[in-house]
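Heads up: the sequence lines are chains A and B, in that order.
End of the first sequence = 250 in my numbering, gap-free, step of one.
End of the second sequence = 339 in my numbering, gap-free, step of one.
Some hints could be false.
[Unchecked claim] Listed below are the simulated BS3-like cross-link pairs for lysine-lysine, each with C-alpha atoms no more than 27 Å apart in a straight line:
#	chain 1	residue 1	chain 2	residue 2
1	A	K107	B	K239
2	A	K131	A	K118
3	A	K51	A	K74
4	A	K24	B	K231
5	A	K74	B	K231
6	A	K179	A	K205
7	A	K74	B	K239
8	A	K131	B	K231
9	A	K86	B	K239
10	A	K107	B	K146
11	A	K132	B	K283
12	A	K118	A	K74
13	B	K40	A	K247
14	A	K86	B	K231
15	B	K283	A	K12
16	A	K118	B	K283
17	A	K86	B	K283
18	B	K239	A	K51
19	A	K74	A	K61
20	B	K146	A	K51
21	A	K132	B	K231
22	A	K118	B	K239
23	A	K179	B	K283
24	A	K171	A	K118
These are calculated hints, taken from the structure and not from any lab test.
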Amino acid sequence: MINDLNIGYEGKVVASAISFSLQKGELAAIVGVNGIGKSTLLRTLGNFQPKIAGSIRIDGKELATYNEQQIASKISVVLTEPIASKNLSVYELLALGRQPYTNWLGKLGTNDISVIDKSIALLELAPFLNKKCFQLSDGQLQRVLIARALIQDTDIILLDEPTTHLDLYHKVSILKLLKSIAHQTNKVILYTSHEIELAIQLCDKMLILDGDTNAFNQPCKLIENNSFDSLFPPDTISFDATTGSFKIKK
Amino acid sequence: MSNLPTYRIRFTILLLVLLLCACINICLGSVNIAFIDSLKILFGTVTENSSNYYIIWEYRLPKALTAIMVGGGLSLSGLLMQTLFRNPLAGPYVLGISSGASLGAALLIMGASLITLSAFNYITLALASSLGSFLVLSLVLVVAAKVKDTMALLIIGLMFGSITAAIVSVLSYFTKAEKLQQYIFWSFGSLGDLSWGQLLVVALCTSLGILLSILSIKPLNAFLLGENYAKSLGIGLQKSRYTIIIATGLLAGSITAFAGPIAFVGLAVPHVTRQLFHTTDHKIQIPAVLCCGAILMLLCDTIAQIPGSVSVLPINAITSIFGAPVVIWLLVRKRKMIF
Chain A
1 MINDLNIGYE
11 GKVVASAISF
21 SLQKGELAAI
31 VGVNGIGKST
41 LLRTLGNFQP
51 KIAGSIRIDG
61 KELATYNEQQ
71 IASKISVVLT
81 EPIASKNLSV
91 YELLALGRQP
101 YTNWLGKLGT
111 NDISVIDKSI
121 ALLELAPFLN
131 KKCFQLSDGQ
141 LQRVLIARAL
151 IQDTDIILLD
161 EPTTHLDLYH
171 KVSILKLLKS
181 IAHQTNKVIL
191 YTSHEIELAI
201 QLCDKMLILD
211 GDTNAFNQPC
221 KLIENNSFDS
231 LFPPDTISFD
241 ATTGSFKIKK
Chain B
1 MSNLPTYRIR
11 FTILLLVLLL
21 CACINICLGS
31 VNIAFIDSLK
41 ILFGTVTENS
51 SNYYIIWEYR
61 LPKALTAIMV
71 GGGLSLSGLL
81 MQTLFRNPLA
91 GPYVLGISSG
101 ASLGAALLIM
111 GASLITLSAF
121 NYITLALASS
131 LGSFLVLSLV
141 LVVAAKVKDT
151 MALLIIGLMF
161 GSITAAIVSV
171 LSYFTKAEKL
181 QQYIFWSFGS
191 LGDLSWGQLL
201 VVALCTSLGI
211 LLSILSIKPL
221 NAFLLGENYA
231 KSLGIGLQKS
241 RYTIIIATGL
251 LAGSITAFAG
261 PIAFVGLAVP
271 HVTRQLFHTT
281 DHKIQIPAVL
291 CCGAILMLLC
301 DTIAQIPGSV
311 SVLPINAITS
321 IFGAPVVIWL
331 LVRKRKMIF
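Construct the entire structure; sequences and hints are all you get.
Dropping the structure here:
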């Protein structure tokens with residue numbers, strides 16, 4: 001889907017020569033060091049900022065040829081920025097995910113309500129529905145935001161660092177959840193992360209942004225090709241291919 | 001599953017309270033007219049042209065209607081600003097709308113006297129302050145096209161407010177005492193000076209503002225998630241921002257032009273309404289804020305005219321003296337001011 005893409009801001013290329021493609025039902029992670037362009041790539045894919053060169057194609061059609069309404073029914077997002085009003089109740093927040101499909105007043109139809117109810121059941125949100133967002137823990141709020149993206153009913157879900165601020169247990173449970181959503185609902189789920197070891201264990205595909213080869217493959221293939229060695233400076237951190245984990249050089 | 005209640009009972013109560021407040025407001029005043037007589041005059045069973053008839057139809061009824069529109073309109077513009085700027089402190093005073101109107105009025109009252117031009121009457125005053133507020137608003141809109149960040153826009157609006165306030169200060173330093181007094185009286189705010197014709201103008205602007213707000217319900221709700229989420233939901237950001245800003249300008253600009261810069265209402269009423277209606281959905285919030293604002297303004301006006309006495313207190317002072325403690329009490333009781 002993505003071919004020879006250059007991303008960055010006006011007059012400054014952040015990362016170049018990125019090529020990869022994802023099929024429905026795949027969970028993929030973008031990893032790389034700080035500032036290499038993970039979030040910029042995600043923002044470009046989500047149409048928040050224009051690409052510099054190359055092509056982004058969804059269902060064989062260039063992203064730029066879709067209008068905003070159409071993109072809203074193709075791509076949903078979970079961003080790192082906090083939501084503007086924490087006074088939203090969980091149900092109100094979830095219902096906003098139906099906006100691309102509702103009338104000018106945003107009235108929910110029976111179909112909208114059944115989509116919302118399905119996601120509530122899948123993510124086990126029933127106990128929180130009438131709570132306000134400021135009453136939720138970070139992990140609960142993240143689940144609500146993922147449910148909202150799911151309710152938007154798009155083929156693609158992009159998540160920017162969905163596991164930051166969470167402890168190991170909640171990190172793993174969020175990622176396992178994403179994996180089961182991708183496989184069960186046949187969606188493309190792409191997220192950025194610093195949890196490389198978790199991504200190796202859970203993802204179907206991984207993109208390693210290193211500013212050079214930008215390798216993309218299944219995690220086991222990436223290990224075989226020694227792609228993780230170039231991720232960090234070798235005199236500080238080295239990659240142990242047998243355990244799939246990083247070791248600190250003493 | 002009804003997770004989104006419609007608040008029918010609360011709206012019925014609010015509307016009844018509004019009607020009651022309007023009746024009380026009309027029946028009380030400097031001249032003592034018996035409650036029953038007032039109602040009779042109001043509902044047309046007494047048609048003689050008595051002085052009471054004149055007082056009710058030409059003074060008190062327009063004043064009550066003005067209070068309803070001023071209260072509702074300013075509160076709605078406050079709600080729009082708070083959602084657009086994701087800031088609980090926003091109100092019609094930001095974006096320099098009110099200060100633009102003040103500048104227009106000051107230029108007419110004080111500036112014209114400096115070049116010995118005397119064109120002061122209520123029509124030119126309303127015209128000047130409308131022009132002032134739309135001038136500042138269009139400047140802000142020009143800047144808004146260049147600045148993508150809404151927070152920066154908020155600060156720019158406040159800066160425009162400072163500039164206009166400074167120009168007003170300079171003007172008042174050089175102006176004669178009687179002209180200064182005239183300006184200060186305008187800045188106290190007044191609900192009682194509107195003729196039926198002027199009332200029609202305010203009603204038109206207010207209705208248009210309300211209509212634009214209703215058309216923006218979906219973008220307003222999406223803005224509660226933040227601008228990037230709103231964009232990902234297919235909302236056209238620039239178009240929605242312009243619609244909301246123009247709606248605010250129509251509401252606050254026309255009201256300030258005719259009734260003077262009335263403080264506090266636009267900022268406070270949305271917060272009071274949030275305590276009464278536990279939802280952020282603008283489908284509920286817009287009508288609720290309109291009702292609450294109108295009720296508050298009617299009450300303040302009833303107090304300001306001091307029933308039975310000839311003097312009338314400045315409405316601007318009353319809204320703050322009686323309104324601010326109520327808001328403080330509400331917020332302290334809840335311990336939290338969440339937007």
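Violated hints - listed by number, lowest first: 10, 13, 15, 22, 23
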